[in-house]
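Trainee: One letter stands for each residue in the lines below.
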Amino acid sequence: MPVALRALDRGGVLAVAGIYLTDTPPLNYERELFYEKELRSVTSNTRDDGRQFLAFAIDHHVRATTHVYPMSQAQQALQDLKAGRFDGAAVLVNDRDTA
Amino acid sequence: MTVGSSKTMQAWVVSQPGPIETSPLRYVEKPVPVPAPGELLVQVLACAVCRTDLHVSEGDLPVHREHVTPGHMVVGPVAALGDGVTDYVVGDRVGVAWLRYTDGTCVYCRRGNENLCPNSLYTGWDADGGYAEYTTVPAAYAYRLPADIDPFPDVELAPLLCAGIIGYRALLRASLPARGRLGLYGFGDSAHLVAHRPRPDPRREVPAAGTRARRGVGEGGV
Numbered sequence: 001m002p003v004a005l006r007a008l009d010r011g012g013v014l015a016v017a018g019i020y021l022t023d024t025p026p027l028n029y030e031r032e033l034f035y036e037k038e039l040r041s042v043t044s045n046t047r048d049d050g051r052q053f054l055a056f057a058i059d060h061h062v063r064a065t066t067h068v069y070p071m072s073q074a075q076q077a078l079q080d081l082k083a084g085r086f087d088g089a090a091v092l093v094n095d096r097d098t099a
Numbered sequence: 100m101t102v103g104s105s106k107t108m109q110a111w112v113v114s115q116p117g118p119i120e121t122s123p124l125r126y127v128e129k130p131v132p133v134p135a136p137g138e139l140l141v142q143v144l145a146c147a148v149c150r151t152d153l154h155v156s157e158g159d160l161p162v163h164r165e166h167v168t169p170g171h172m173v174v175g176p177v178a179a180l181g182d183g184v185t186d187y188v189v190g191d192r193v194g195v196a197w198l199r200y201t202d203g204t205c206v207y208c209r210r211g212n213e214n215l216c217p218n219s220l221y222t223g224w225d226a227d228g229g230y231a232e233y234t235t236v237p238a239a240y241a242y243r244l245p246a247d248i249d250p251f252p253d254v255e256l257a258p259l260l261c262a263g264i265i266g267y268r269a270l271l272r273a274s275l276p277a278r279g280r281l282g283l284y285g286f287g288d289s290a291h292l293v294a295h296r297p298r299p300d301p302r303r304e305v306p307a308a309g310t311r312a313r314r315g316v317g318e319g320g321v
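In order, the protein sequences belong to chains A and B.
Start counting the first sequence at 1; every next residue gets the next number (this note's numbering).
Start counting the second sequence at 100; every next residue gets the next number (this note's numbering).
No lab work stands behind these hints, which were simulated from the structure alone.
Just so you know, even glycine gets a beta-carbon here, dropped at the ideal spot from N, CA and C.
Take the hints with a grain of salt, since some may be wrong.
Said to hold, decoys possible - Cβ pair distances, simulated, as ranges: (1) A:PRO70 to B:PRO118: 20 to 28 Å; (2) A:PHE34 to B:PRO250: 32 to 40 Å; (3) B:PRO217 to A:PRO2: 45 to 53 Å; (4) A:HIS61 to B:PRO136: 32 to 40 Å; (5) A:LEU27 to B:VAL206: 24 to 32 Å; (6) A:ASP48 to B:ASP225: 16 to 24 Å; (7) B:PRO161 to A:PHE56: 27 to 35 Å; (8) B:GLY137 to A:ARG10: 47 to 55 Å; (9) A:VAL3 to B:ASP186: 23 to 31 Å; (10) A:ASP87 to B:ASP182: 42 to 50 Å; (11) B:VAL133 to A:PRO2: 44 to 52 Å; (12) B:PRO136 to A:THR22: 38 to 46 Å.
Let the hints inform the model, and build the full structure from the sequences given.
Mentor: The structure is reproduced here in structure tokens:
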């Protein structure tokens, strides 16, 4: 967080999209907050946010890089996520014939 | 209900929150949920994995529901309707996301900030989610998705339902001005998707993280 704040231009905003973070380290006021830099959290979303984004994503065909796991491997997918073994998004899939 | 002949399903539950390396999840047989009034039963065809699922599984977030089934980026067809649902039919393709209830009456809801509702409830934390064959969602909180799998396959739509939406909200919160510069930090699935978002506006640049940025978006899960 201090690195991102230091990189901001004057008047810049850092928006942090995390539901859980470890403690933030002490901030140096002059280097990381002065010049009207702003630090904002992001808490969940509204349904309007969701509808707007999905409409945009579908219109512009926004797509993630995905790594598919069978549903039975969900725990492995979480372990891989924590270990940083992939970029993009892991996706669990059920077999249509067995669901 | 139209859920086939099976009344049970396979689902993951958080047995005892702890480090994911200790395998805190168990894959169990449990009843197919019955949609409450106003809810949809959704067949899970794809469920993207979020860092918040990791926080739920490891106990970083407090337990809201014992033995909860994680997962809040679900794509699949409506399998059954709860009483009173009139705006969906069985077979409609929907998305199930993180937010699943707000009271609609608090000061935050009334001013358009339902994300700040103190009585909000969340899929895969307060209620069972998508690491299963079926899940439920209040119809008012479901997202209608394109019916065509081509060019919108389930696995590509699923990550949009949290990583994409939260990344979008983070981008809004960053108030990126015209000709502003955006830095992305922590290049996970959310930042990965945000990187797509500003491109239609050529006035907005997306430099690599670490360059001097007018606005920044950091990522750490939902």
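Trainee: Each hint should be assessed against the structure and marked as holding or not.
Mentor: Status of each hint after checking the structure:
{"no.": "1", "hint": "A:PRO70 to B:PRO118: 20 to 28 Å", "in the structure": "23 Å, holds"}
{"no.": "2", "hint": "A:PHE34 to B:PRO250: 32 to 40 Å", "in the structure": "48 Å, violated"}
{"no.": "3", "hint": "B:PRO217 to A:PRO2: 45 to 53 Å", "in the structure": "31 Å, violated"}
{"no.": "4", "hint": "A:HIS61 to B:PRO136: 32 to 40 Å", "in the structure": "37 Å, holds"}
{"no.": "5", "hint": "A:LEU27 to B:VAL206: 24 to 32 Å", "in the structure": "30 Å, holds"}
{"no.": "6", "hint": "A:ASP48 to B:ASP225: 16 to 24 Å", "in the structure": "21 Å, holds"}
{"no.": "7", "hint": "B:PRO161 to A:PHE56: 27 to 35 Å", "in the structure": "34 Å, holds"}
{"no.": "8", "hint": "B:GLY137 to A:ARG10: 47 to 55 Å", "in the structure": "49 Å, holds"}
{"no.": "9", "hint": "A:VAL3 to B:ASP186: 23 to 31 Å", "in the structure": "47 Å, violated"}
{"no.": "10", "hint": "A:ASP87 to B:ASP182: 42 to 50 Å", "in the structure": "44 Å, holds"}
{"no.": "11", "hint": "B:VAL133 to A:PRO2: 44 to 52 Å", "in the structure": "50 Å, holds"}
{"no.": "12", "hint": "B:PRO136 to A:THR22: 38 to 46 Å", "in the structure": "41 Å, holds"}
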